[in-house]
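Student: Residue numbers (the numbering used here), protein chains in the order written: chain A, 1 to 421; chain B, 422 to 535.
It cannot be assumed that every hint is accurate.
Residues on chain B that point at chain A, a partial pick, calculated with CB under 7 Å [to be verified]: (1) M434; (2) S438; (3) P439; (4) M442; (5) M450; (6) I453; (7) G465; (8) P467.
No lab work stands behind these hints: they were computed from the structure.
Every residue, glycine too, gets a C-beta built ideally from N, C-alpha and C.
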Amino acid sequence: MQQTGNINQLVDHLFRHESGKMVSVLSRLLGFQNLETAHDIVQDTLLQAMNSWSYNYIPDNPVAWLHRVAKNKAIDFLRREKKFREISPAYTYLLQSEYSLSPTVNNLFLENEISDSQLRMMFACCHPSIPVESQIALTLKTLCGLSVAEIARAFLTNEETISKRIYRAKEKIKAEKIELEVPSHDELQHRLDAVLKSLYLLFNEGYNSSQPDQLIREDCCEEAMRLCHIITRHSLTSYPRTKALLSLMCFQSSRLNARLDDTGNIILLKGQDRSKWHLPLIQKGFDYLDAAAEPFEISTYHFEAAIASLHAAAPHFEKTDWPSIYHLYEMLYELQPNPVVAMNKAIASAYAINRSEGLDQLLKIKGLENYYLYHTSVGEIYYELAEKKKAQRSFETALQLTTSQQERQLLQQKIRSCEPV
Amino acid sequence: MEKFMLIFQGGDMHGVSPEQMQASMSKWMAWIDRLAKKEQYVSGEPLIPGGKLVSGAGGKTVTDGPYTEGKEVVGGFFVIKAKDMDEAVAISKDCPDFDLGTAVQVRQVMKMDM
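For reference, chain A alone in the conformation it holds in the complex:
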């Protein structure tokens, strides 16, 4: 250890990511019912690091330092408790003997075992019997190292609500005796879908919700991608749909920087400065989409990623391949006939066929009466059909349905543009 002056030698989010890894590994070692203890050990470890590293003693290998301290704390806990059978049935015999105690613990901290533990943790947190909102909260807490306060900020709610969601998840884990394991073959498909769905929602939460705290939103997107990455790399879960989801996330996040202007207003796809799109992410999006083609499999993520890829490939909004996008939405709608997909299909038809076709399709949709984007889209088409009165009315309805400051600004602008000159 040396006292250095370099403050930039720690990777961004190192603590957060290591927290997720160590909680996963320690829960596997100590048993899922000791999740709290795992959290406590990790918190202690990070505090110890913070207290000494703050004085500029950064170890040469910070990650190894953290793992060593966490390991020792876990071994202390195991020696103290001596209830190996209850703690960790999988490792009972290995943990009982001093000869095998340390090697067993060390072994779990090897790189491939770490990602294996994270994968098990994802399957447990996203167990289908846990309500989805609780799945996401628990995932953010255990795998992503976010505090309850940070999760509450990401979801624009209070800490109590998030604590309740996490509590509910833990109760389910106890009641259903959910284990930290990768599901067996016949269960795997169905369980994997639940994990992917949860990551998809987490990503969208970050991507779509416009809220004052830009950073925390980007964190949600980044964490969803990081976890999706882990699933993609693991041989048991590297299905084409996993890659398709990751591809979709790459395309979407490539546009994050172009989505807001300097004053925090939302810029729609049409008005975005495409030079601000992040090219390396777009490239990755295409790579994963290619990889998702084989073996043949169809998922909603495939269609959504393909649609996103067509947007990414268009040099200007006007050059977008709307006929293909419309076709993809038609196929997506067959697989997932819900009103939001119907809305997007209708919007695509407005460009692929014509505005009146788009309007017809939009007006037939039931179930989006309280969704501001629906009314915004209807307003947009009325506006382009030069029916400014009707457009204005739709924008006003939309305005009443959103509390987001950024979206309100955007809508007020649109309403003003409908006023007769």
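Chain A is already provided as a structure; the job is to place chain B on it using the hints.
Tutor: Using the frame of chain A, we list chain B on its own:
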């Protein structure tokens, strides 16, 4: 230049997230860096919590401790150089952890002029 000891006391880490810890740590390092560049940083060490208290005639009594109130526990110290107490106090105000309840005790090192 005079020498001063900054003694960091207390601070509540309850519920602090990993991200906040890393952020706080970066601020500490940046603070040390700034002082070092101005040649005002002499040394600094963190202290392990807990310890022993030796007292009584001949140091006979050794107890665990000092167990003081959490807000008084010393977490570490800096030795810095400053023109006078005012400057040392000004420097202390850069401590990144006031939000977490940390307090800084500023003490001047006595010079023995013989």
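Student: Would you mind marking each hint as holding or not holding in the structure?
Tutor: For each hint, the structure was consulted:
1. M434: Holds - the Cβ of M434/B comes within 7 Å of chain A, reaching about 6 Å at its closest.
2. S438: This interface hint holds because 3 Å falls under the 7 Å limit.
3. P439: holds (4 Å)
4. M442: holds (5 Å)
5. M450: Interface hint status for M450/B: holds (4 Å vs cutoff 7 Å).
6. I453: OK, holds: I453/B within 7 Å of chain A, min 5 Å.
7. G465: holds (5 Å)
8. P467: holds (5 Å)
No hint from the list above goes unmet by this structure.
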